[in-house]
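Chemist: Residues per chain, in single letters:
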Amino acid sequence: MGKEELDLLSVKVKLFAYTRELIGKDEIRLKLAGQTTVGDLRKMILEMYPALSTKTFVIAVNHKVADDSTKISDVDEVAILPPVSGG
Amino acid sequence: MITITRDPIDLCNIMVAAKDRSAGGAVLFIGSVRDHNEKGVVSEIHYEAYKEMAEEKMAEIEKEVKERWRIKKFIAIHRIGNLKVGEPSVAVIVSAEHRQEAFEACKYGIDQIKTRVPIWKKEVSESGVTWVKGVSLKK
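These protein sequence lines map, in sequence, to chains G and B. The numbering of the first sequence is this note's numbering, which starts it at 1 and goes up by one. The numbering of the second sequence is this note's numbering, which starts it at 88 and goes up by one.
Covered by chain B, per the in silico footprint, the following chain G stretches (three or more residues, Cβ under 8 Å):
| hint | segment |
| --- | --- |
| 1 | 7-19 |
| 2 | 50-64 |
| 3 | 78-84 |
Note that these hints are calculated values from the structure, not bench results. As the structure is a computational prediction, the values presented were derived from the model and not from experiment. Even for Gly, the Cβ is constructed at its ideal location relative to N, Cα and C.
Generate coordinates for the entire structure from the input sequences, incorporating the hints supplied.
Modeler: What follows is the structure in structure tokens.
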């Protein structure tokens, strides 16, 4: 096993509302390189699911909205959140 | 006290729970499923939540309300699942010594719930099924 493979993180990403419907799953698991940021994850998701490119969403890490520079580790809970409309 | 539930909201129950001997009044806001939108007749709304995060955000809002206003009780309940027209989807009740605090705190509570809590609604209407346009969550 090469070093790169050893460094891969397996991150669970939760999906909600129209992002869940577009992808067709409640959550996906992504293999990411070590030192991955939210920005990298966003890019990867858009490459895998181009249908999301016209949609608005933010990414939360451990229940907090994160910016693109936030680092992700495999123990983090990541979620894709469309604009909210509760009430 | 905050709750996210699939069960119908029991308004009598929360009015009793908000009672406090030192409170001179209580303000209750009830949000419910409207029978129409801009495009026509709505028959039901499906609510979905990121429950763990939504509970954290509602607890954060409760904490802010208690820091900003001298209130006695704050209760906020949001329902999820499929709701028919007329059913309450959200309720916020605040009891306080005086009405001004109760009105202001209740308004703040519902306004914040609508813009900061990860809950989504999908309307079933004559023109089809659509996710309601919302507000992007901020850091």
